[in-house]
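Engineer: Each chain, letter by letter, is given below.
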Amino acid sequence: MEPSHDQPHVPGPSLWPIGFALGIACVLVGLIVSWPAAAVGAVIAVACAYFWIRDAARGYRTPVVHEPESRAVAAGAAPPASAGEPALPVMEDEEIERFPRNVFLEGATLGLGGLIGGLVTVPAVGFMVAPAFVRQHAKSVDVGPLTDFPEGQYVIATFLRDPSQGEVSRRTAYVRNNGVVTGRPSFTIISNRCAHLGCPVQPNGPVFDAKKNVVQTTQGEQVTIIPMQPAGFGCPCHGGQYDTEGNRIAGPPVRSLDRYDYEIKNGHLVLLGTYSVAHVDGTGSGAKIRRYGLAGPGEHITGPEAWFYPLQPPH
Amino acid sequence: MATRRTTRSQRLIQVANYPLDWLEERSGLVGGVKYFLFRKVPADIGWYHTLGSATLTAFLVQVVTGVILAMYYHPDPNSAYESIQHITNDVTLGWLVRGMHRWGASVFIILMFFHMARVFLFGAYKYPRELNWIIGVLLLATGMFEGFTGYLLPWDQTAYWASVVGININGTAPFLGPFLAQFLRGGAEIGPDTIARFYALHMLAIPGALIALIGLHLYLVIRLGVSPNPWTKRGAGAEREPVPGRSGLTRPSARGVTK
Numbered sequence: 001m002e003p004s005h006d007q008p009h010v011p012g013p014s015l016w017p018i019g020f021a022l023g024i025a026c027v028l029v030g031l032i033v034s035w036p037a038a039a040v041g042a043v044i045a046v047a048c049a050y051f052w053i054r055d056a057a058r059g060y061r062t063p064v065v066h067e068p069e070s071r072a073v074a075a076g077a078a079p080p081a082s083a084g085e086p087a088l089p090v091m092e093d094e095e096i097e098r099f100p101r102n103v104f105l106e107g108a109t110l111g112l113g114g115l116i117g118g119l120v121t122v123p124a125v126g127f128m129v130a131p132a133f134v135r136q137h138a139k140s141v142d143v144g145p146l147t148d149f150p151e152g153q154y155v156i157a158t159f160l161r162d163p164s165q166g167e168v169s170r171r172t173a174y175v176r177n178n179g180v181v182t183g184r185p186s187f188t189i190i191s192n193r194c195a196h197l198g199c200p201v202q203p204n205g206p207v208f209d210a211k212k213n214v215v216q217t218t219q220g221e222q223v224t225i226i227p228m229q230p231a232g233f234g235c236p237c238h239g240g241q242y243d244t245e246g247n248r249i250a251g252p253p254v255r256s257l258d259r260y261d262y263e264i265k266n267g268h269l270v271l272l273g274t275y276s277v278a279h280v281d282g283t284g285s286g287a288k289i290r291r292y293g294l295a296g297p298g299e300h301i302t303g304p305e306a307w308f309y310p311l312q313p314p315h
Numbered sequence: 001m002a003t004r005r006t007t008r009s010q011r012l013i014q015v016a017n018y019p020l021d022w023l024e025e026r027s028g029l030v031g032g033v034k035y036f037l038f039r040k041v042p043a044d045i046g047w048y049h050t051l052g053s054a055t056l057t058a059f060l061v062q063v064v065t066g067v068i069l070a071m072y073y074h075p076d077p078n079s080a081y082e083s084i085q086h087i088t089n090d091v092t093l094g095w096l097v098r099g100m101h102r103w104g105a106s107v108f109i110i111l112m113f114f115h116m117a118r119v120f121l122f123g124a125y126k127y128p129r130e131l132n133w134i135i136g137v138l139l140l141a142t143g144m145f146e147g148f149t150g151y152l153l154p155w156d157q158t159a160y161w162a163s164v165v166g167i168n169i170n171g172t173a174p175f176l177g178p179f180l181a182q183f184l185r186g187g188a189e190i191g192p193d194t195i196a197r198f199y200a201l202h203m204l205a206i207p208g209a210l211i212a213l214i215g216l217h218l219y220l221v222i223r224l225g226v227s228p229n230p231w232t233k234r235g236a237g238a239e240r241e242p243v244p245g246r247s248g249l250t251r252p253s254a255r256g257v258t259k
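Those protein sequences? They're chains A and B, same order as listed. Read left to right, the first sequence gives residues 1 to 315 (the numbering used here). Read left to right, the second sequence gives residues 1 to 259 (the numbering used here).
In isolation and in its complexed conformation, chain B is listed as follows (with noise of 0.2 Å):
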C-alpha cells in the first residue's frame, strides 16, 4: 500500500514537473537558472558582496520607473517643463514614480562606487578578475552619462544651465573637445534639438550599452566565481588551484613551472 501511494505521488511530482521538463528539453533554461541560483560561494561571504546585487537592483528600477516616466514626458523645449509639472502634480502616483528615479539615479551611483570600493579593499580585482574591474569602470562611466544626459530633461533653470557648463566642460577636452561639445548640443548652440538629443541618449542608447555591459559582467561574475575573502587560506594572491575545465588559464607559477 505504502508503495503504491509513493508511486502516486512521484507521478503527481512528474506531471507538475511537466511543463518545466518540455522547457528544459527544448531550451536548457531551467538547468541555466538553476547553474545560476545555486552555484558555489565561498563560506564566508557575507554583506559586503551583496553590495553588486543591490546596484543591480538599483538599475532595475530606474529602468521600470524610466519606462514609466516615458509615458507621460514630452521632450521638447516647450512642454518638457510643463510635463514634468504634470507629472509631479496631477497624474496619479507620478510624485513617487518621478522621486524614485530621480533619487534612484543617485543610489544607482552611490551604490556603484560602495560595489567598487568593496572589490577594490577584497583585492577582488585580481587575477583572473581583472577584465570585471575594466568592464566594471565603462558600466560606472556610462552610468555617470546617463545621469548626465538625465540630468538635461526636467528643463527647469538648474538642469538647463547644469547642462551648459557640463558640455562646455566637454568643450575644454583638447583638440576633439569642441567638436564633442557641438555633437551634444547638436548644434553651434543648444536648441531645440538638444533636448530630444539628450532624451533618445538616456532612453535608448545608454541604457542598451549599460545593459549589454551588465550582461557582460554577470557572465563573467558567474564563470569566474565569488573571489573569497582576502584574510581567508584561500584569499587573493594565494596559490589557487586551476579554474575548472580551464587549466590554460591558470598561471606558470599555479602550475609549478616557474619557481
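So that you can see chain A by itself, here it is in the shape it has in the complex (with noise of 0.2 Å):
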C-alpha cells in the first residue's frame, strides 16, 4: 500500500492488546512466583500478539474499497467566476487596513520574543565575559627578610601571586639587591616574563642549588630563594635575548622584562603589581627606568607599533 496524505491508514479496531497486556502481567508475575505460570503467560502473550497482528494486517490482505466522493450537481449550477458578481464586496482604498491585525500580531511575536532572548542572553553571556574584568588587582606577595638578600647577588624567588588559586598562580621573579640608596634599601626584581610571548626566561650563567633556601613567609606561604649568577636572560622558546637589567639585546622581543613594584614591610620584602619598561638606563640602583602600565606580550609600548594598543584591560 502507497503511503498517502490525504488517505491515512490507520490499523482497524481490535481488542487483542488487552489479551496481551495480560499474558505479559502474568509473565512478569510468573517469574516471581511460579514457572508454569509464567509460562500459561507467555502462551497467552503470544496468542493474543498472533491475533493483534492479524487484525492490525486486515487492511493488507483484503484490499479496502474506498467509495469515490460524489456530490449531485445541482440545477440552476453556480456560474464559473469570471462571469459571476465578485464573492466579497470590492473594497476602496481607504477601506482596506492600514494596520491589520495580523501585521500588529507578528511584529507583537517577534518583538516580545526578541526581548526575552535578550534577557535571558544578556545576563548568560555577561556571566561568561564580566568575571574575566572585573576584580583582576594583583596582591602584594611577601617573600621574606631583606637578609635573604644579599647586596649585590640575583636570586631566584618563586612565591604564589594568589595563594587562594594554588600552584597554578606559582610565578617567578629575579631579584637583586641594589644596596641602601638614601637611606631606602633599593631592589631591581624583574619577572621572568618574556616580552615576546609569555614563555618563563631563564638566567645566563649558574644557578647555586645547593644554596637552595625555603622560606616561611607571614602570609604562611613558602617562597624558594635561589642564588645565581646570571650574564643576561634567555628565552627557550623563540630565543629571545636580554642583559641584566632586563634590556632586549637580541631575539623577537619587543621591549624589556617587566619590573616589580614593591615596598619593605617589617623588614620583609613585599612584591606588589607589575609594570612594563621601554628601556633602563644605567644599572642598579641608578637605573633610569622608562615605565609605562603593564601590557601583555608582544605589545609595543612606544613608537608607532604602541598605536595599536590604545587600551588595555584591567590587570
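These are computed hints drawn from the structure, not numbers from a lab. One or more of the hints may lead you astray.
As the list claims (entries may be wrong) - Incomplete in silico selection of chain B near chain A, CB under 8 Å: (1) L37; (2) N78; (3) W161; (4) I169; (5) G171; (6) F179; (7) Q182; (8) F183; (9) G187.
What the hints assert, rightly or not - Capping the alpha-carbon separation at 20 Å, the derived lysine to aspartate or glutamate pairs in DMTMM-like fashion look like this: (10) A:K139 <-> B:E82; (11) A:K139 <-> B:D193; (12) A:K212 <-> A:D142; (13) A:K212 <-> A:E151; (14) A:K265 <-> A:D162; (15) A:K139 <-> A:D162.
Unchecked claim - Just a few of them, taken from the derived set where beta-carbon distance is under 10 Å, the chain A residues facing chain B: (16) R193; (17) H196; (18) C237; (19) A295.
Glycine included, every Cβ here is placed at the ideal spot set by N, Cα and C.
Starting from the two chains in their separate frames, assemble the complex, guided by the hints.
Structural biologist: Laid out in C-alpha cells, this is it:
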C-alpha cells in the first residue's frame, strides 16, 4: 500500500492488545511466583499477539475499498468565477486596513520573542565575559626578610602570586638587592615573563641549586630563594635575549622585561603589581627606568606600533 | 499457482515494509534518506571526491572518542594531569581512545586541508558553490580553534606553555587583542578558571558550532550537487543548465540575456 497524506490508513480496531497486556503481566508475575504461571502467560501473550497482528494487517490481506466522493450537481449550477459577481465586496483603497491585525501580531511576536531572548542572553553572556575583567588587582606577596637577599647578587624567587588559586599561580622573579640608597633599600625585581610571547626566561649563567633556601613567609606560604650569577636572561621558546637589567639585546621581544613594584614591610620584601618597561639606562640603584602601565607580551609600548594598543583591560 | 505465490510474496514484502511506510507517512524521513543516499552525482567522480566524507568521518571519530574521554577527564588544574595519566595507564583501552582523539585531531585538520585543496584545484568553489567554500573556511577556522582549546587540556608543560604562547599571540592583535587574550584566560593571569573555560569551549561551544556548520555544508552539497570534473565537457566554467527548479539562480549569460 502506498503511503499517502490524504488517505491515512490506520489499523482496524482490535481488542487483542488487552489480552496481550494480560499475558505479559502474567509472565512478569509468574517469573516471581511460579514458572508454570509464566509459561501460561507466555502462551496467552503469544496467542493474543498473533491475533492482534492479524487484525492490524487485515488491510493488507483484503484491499480497502474507498468509495468515491460524489456530489449531485444542483439544477441551477453556479456560474464560473469569471462570469458572476465578485464573491467578496470590492474595497476602496481607504477601506483597506492600514495596520491590519496580523501585522500587529507578527510584530508583537517578534518583538516579545526578541525581548525575552535578550533578557535571557545578556546576563548569560555577561556571566561568561565579565568575570575575566573585574577584580583583577594583583595581590601583594611577602617573599621573606631582607637578609635573605645578599647585596649585589641576583636570586631566583618563586612564590604563589595568589595563594587562593593554588599552584597554578606560582610565579618567578629575579631579585637583586642594590644596597641602601639615601636611607632606603633598593631592589631590581624582574619578572621572568618574556616580553615576546610570555614564556619563562631563564638566567644565562650558573644557578646554585645547592644553596636553595625555603622561606616561610608571614602569609604562611613557602617562597624558594636560589642564588645565581646571570650574565643576562634568555628565553627557551623563541630565543629572545636580555641583559642583566632586562633590556632586550637580541631576538624577537619588543621591549624590556617587566618589573615588580615593591615595598619594605617589617623588614620583609613585599612584591606589589607589575609594570612594563621600555628601556633601562644604567644599572642597579642608579638605573633610569622608562616605565609604562603593564602591557601583555608582544605588545609595543613605544613607537608607532604602540598605537595599535590604545586600551588595556584592567589587570 | 504462480500468480498466487507472487501475491503472497508481495504481501510479505508489504508487511516487512510496514514499519518503514509508517515512518515515511508520518515524517518523510525514509524518502529524505533515500534522496540523500541515492542522489545523482557526475559519472566520472573518483577517490578525490571522498575527502569530504573522510573529513566528516574523522570529525565523528573525534566526537565519539571525546565524549568517552570526558567521562574520565577532570578539568581542574590540580587533577587534570593525573586524570590524563589515569586514562592512559589504568583505564581499560584508555590509551587507545586517548590516542585516537589525540592523533585523530591532526587527521581531521590534515583532511580538511586535502579536501580544501581538492575543491580549489577542481574549481569546485565556483558559482553556485561560493557560499559553501566560505562555510568551509569557517569550518577550518573553527576546527583549528577546537584544536587550540583541546591542546591545553593534558595540562603538562607543553600544553601549558603552548597555550600561554597561543593566548599571547591572540593578545598581540591590534586594538581588541589584549581583551581577547584576557577573555581566553578568564582573567589577567592563567588561573584555575582557564582550564575549565577551555574545557567548556572545547566540549560544548565549539563542537556545537562545528556541527551546525557541517549541517549547513552538507545541505548545500546536497542542494547544489557534486560539481563535474573540470576536464569534462560539463566542467567548471562551462555553460551550465539551470539548477533544477530554481531558474532564478542562473546567470544572465546562461539564459542568453547578455552576450
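Engineer: For the hint on A:R193, does the least C-beta distance to chain B fall short of 10 Å?
Structural biologist: 9 Å, holds
Engineer: Report holds or violated for the interface hint on B:I169, using the least CB-CB distance to chain A and a cut-off of 8 Å.
Structural biologist: Holds - the Cβ of B:I169 comes within 8 Å of chain A, reaching about 6 Å at its closest.
Engineer: Please work out if A:K212 and A:D142 have their alpha carbons no farther apart than 20 Å.
Structural biologist: 18 Å, holds
Engineer: Mind checking the alpha carbons of A:K139 and B:E82 for me, to see if they're no more than 20 Å apart?
Structural biologist: Status violated; Cα separation ~29 Å.
Engineer: Does A:K139 pair with B:D193 here, judged by a C-alpha cut-off of 20 Å?
Structural biologist: Given that 20 Å is the threshold and the Cα spacing comes to 18 Å, the pair holds.
Engineer: Per the CB criterion, is A:C237 less than 10 Å away from chain B?
Structural biologist: For A:C237, the interface hint holds, since the closest Cβ of chain B sits about 6 Å away, which is under 10 Å.
Engineer: Between A:K265 and A:D162, is the straight-line Cα distance small enough, at 20 Å or below?
Structural biologist: Roughly 19 Å between the alpha carbons, so the hint for A:K265 and A:D162 holds.
Engineer: If you draw a straight line from the CA of A:K212 to the CA of A:E151, is it 20 Å or shorter?
Structural biologist: Given pair A:K212, A:E151 holds - Cα atoms ~17 Å apart, limit 20 Å.
Engineer: Hold the hint about B:L37 up to the distance rule: shortest CB distance to chain A must be less than 8 Å.
Structural biologist: Not OK, violated: B:L37 not within 8 Å of chain A, min 19 Å.
Engineer: For the restraint on A:A295, tell me whether the closest CB of chain B is nearer than 10 Å.
Structural biologist: 7 Å, holds
Engineer: Quick one, is the B:W161 hint okay against chain A at 8 Å, beta carbons?
Structural biologist: Where the cut-off is 8 Å and the nearest Cβ of chain A is about 6 Å from B:W161, the hint holds.
Engineer: Close enough to count: is the Cβ of B:N78 nearer than 8 Å to one in chain A?
Structural biologist: 6 Å, holds
Checked against the numbered hints given earlier, this structure breaks hints 1, 10; the rest are met.
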